[in-house]
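2 protein chains.
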Amino acid sequence: MWRLYQFPLCPFSRKLRLLMSEKSIRFSLERENPWEMRDEFFLMNPTGRTPVIQHAEKDIVLIDSRAICEYFEETVGKNPMINGTAARRAEIRRLVALFDENFYGDVTAPLLMERMTKRIVLREAPDSRNLRAAMRLADEHLDYIDYLIDNRPWLAGSTMSLADLAAAAQLSVADYLGGINWSGHEQARGWYSTFKSRPSFQPLLAERMEGVQPPKHYSDINA
Amino acid sequence: MWRLYQFPLCPFSRKLRLLMSEKSIRFSLERENPWEMRDEFFLMNPTGRTPVIQHAEKDIVLIDSRAICEYFEETVGKNPMINGTAARRAEIRRLVALFDENFYGDVTAPLLMERMTKRIVLREAPDSRNLRAAMRLADEHLDYIDYLIDNRPWLAGSTMSLADLAAAAQLSVADYLGGINWSGHEQARGWYSTFKSRPSFQPLLAERMEGVQPPKHYSDINA
Numbered sequence: 001m002w003r004l005y006q007f008p009l010c011p012f013s014r015k016l017r018l019l020m021s022e023k024s025i026r027f028s029l030e031r032e033n034p035w036e037m038r039d040e041f042f043l044m045n046p047t048g049r050t051p052v053i054q055h056a057e058k059d060i061v062l063i064d065s066r067a068i069c070e071y072f073e074e075t076v077g078k079n080p081m082i083n084g085t086a087a088r089r090a091e092i093r094r095l096v097a098l099f100d101e102n103f104y105g106d107v108t109a110p111l112l113m114e115r116m117t118k119r120i121v122l123r124e125a126p127d128s129r130n131l132r133a134a135m136r137l138a139d140e141h142l143d144y145i146d147y148l149i150d151n152r153p154w155l156a157g158s159t160m161s162l163a164d165l166a167a168a169a170q171l172s173v174a175d176y177l178g179g180i181n182w183s184g185h186e187q188a189r190g191w192y193s194t195f196k197s198r199p200s201f202q203p204l205l206a207e208r209m210e211g212v213q214p215p216k217h218y219s220d221i222n223a
Numbered sequence: 001m002w003r004l005y006q007f008p009l010c011p012f013s014r015k016l017r018l019l020m021s022e023k024s025i026r027f028s029l030e031r032e033n034p035w036e037m038r039d040e041f042f043l044m045n046p047t048g049r050t051p052v053i054q055h056a057e058k059d060i061v062l063i064d065s066r067a068i069c070e071y072f073e074e075t076v077g078k079n080p081m082i083n084g085t086a087a088r089r090a091e092i093r094r095l096v097a098l099f100d101e102n103f104y105g106d107v108t109a110p111l112l113m114e115r116m117t118k119r120i121v122l123r124e125a126p127d128s129r130n131l132r133a134a135m136r137l138a139d140e141h142l143d144y145i146d147y148l149i150d151n152r153p154w155l156a157g158s159t160m161s162l163a164d165l166a167a168a169a170q171l172s173v174a175d176y177l178g179g180i181n182w183s184g185h186e187q188a189r190g191w192y193s194t195f196k197s198r199p200s201f202q203p204l205l206a207e208r209m210e211g212v213q214p215p216k217h218y219s220d221i222n223a
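Protein chains in written order, with my numbering: chain A, 1 to 223; chain B, 1 to 223.
Hint data in this document are derived by calculation from the structure and do not stem from the laboratory. One or more hints might be untrue.
[Said to hold, decoys possible] Pair ranges (Cβ atoms, derived):
1. Gly105/A / Asp59/B: 28 to 38 Å
2. Asp127/B / Phe42/A: 27 to 37 Å
3. Ser197/A / Ala125/B: 18 to 28 Å
4. Pro203/A / Asn33/B: 39 to 49 Å
5. Asp127/B / Val121/A: 36 to 46 Å
All C-beta atoms in this analysis are idealised placements derived from N, C-alpha and C, irrespective of residue type, glycine included.
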């Protein structure tokens, strides 16, 4: 069985968990805190980042969330998530990059720093200017999701794709950390609430990061 | 024909240019300075980043260097660069991410800030501490390339792949900006010099960024 090295608020591990659930791939979770810089983990992955996934029986270690998602897309046929024409596949991958890189850099990474790392690792108070900047950028990203959902049922087109999983993974972490103000974003909120009721999402919503509590609406599937 | 929006020292555009040359895909270059934040460019790509590639006759616009590389890999059979078993393809993509994200963040991005953006956009002096930090991290990345080339002829295995193109693209920009000290890295230097003599590399080596001069060894294919 696959063993996934991750921590509860790693958005890239969440994307991979959603993909594996949607494809009915069995896996177990192995807790890895990258900020502890464990030697054994660096031996597996020289960048020291989560997720890493290992299949001991098959002697396979896979690294980098996008590389791992492509691997499962190529090896497991059920519920294809990077599908359609080459142009549609390029659109899916463009949006995955937008959420993995831009949304993460603008929103998720600063929220993780201010509300998780500073609390449980650095023991510092959060910087409210950084929080406000992240929330303002989150609002711009929600505008873009609203625009996409005005034109398409799912982010990359007519069917669910890895773009939706990547976006939902980032949003779920930002929402856990109190960084998302949904008001005025009915399209994004509607798209996300559909997601929250999917079976693949339930383990994420039920999980808690020690020392960091989410707002009440976070795991309410009707919110 | 494809029209590629880029600027001479964009490492992601360089990766794409190498891929297209290796696959004999014809394209023209369109100069785009992302720091000018041109409205028309943001309308094409909401992240405002290069490269973007357009095929006016086919009404296609593609965004994000990795998504574009995958697109050409899927649509143009010549010289496959993400090939082999699913595990080998995962290894190629892991290394592409390592160079696109880690090498870029550690080395190329700070060098571009200190030696290009500060000179031609901000009109500030470079910060020598940032330069030293980038060069120290470059040295660690070269150690890793040495290690890979000790074990394999090309970065991801027995044949050239997108991993080599991604690494060479980042290294070429860092080398242009004087951030690479090759001494003590014979394996990496040997691998890179093979690259420098490939026809796909010649247009990159001949090109200059206005206001920023490379060191003498940069375009010397025997250095």
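Each hint, compared with the structure:
1. Separated by about 31 Å at the C-beta atoms, Gly105/A and Asp59/B satisfy the suggested range of 28 to 38 Å.
2. For Asp127/B paired with Phe42/A, a C-beta distance near 29 Å keeps the hint of 27 to 37 Å intact.
3. In this structure, Ser197/A and Ala125/B break the distance hint of 18 to 28 Å, their C-beta atoms being roughly 55 Å apart.
4. For the pair Pro203/A and Asn33/B, the beta carbons lie near 45 Å from each other, so the given range of 39 to 49 Å is met.
5. Restraint check, Asp127/B to Val121/A: a C-beta distance of roughly 27 Å breaks the suggested window 36 to 46 Å.
In this structure, the hints that do not hold are numbers 3, 5, in rising order.
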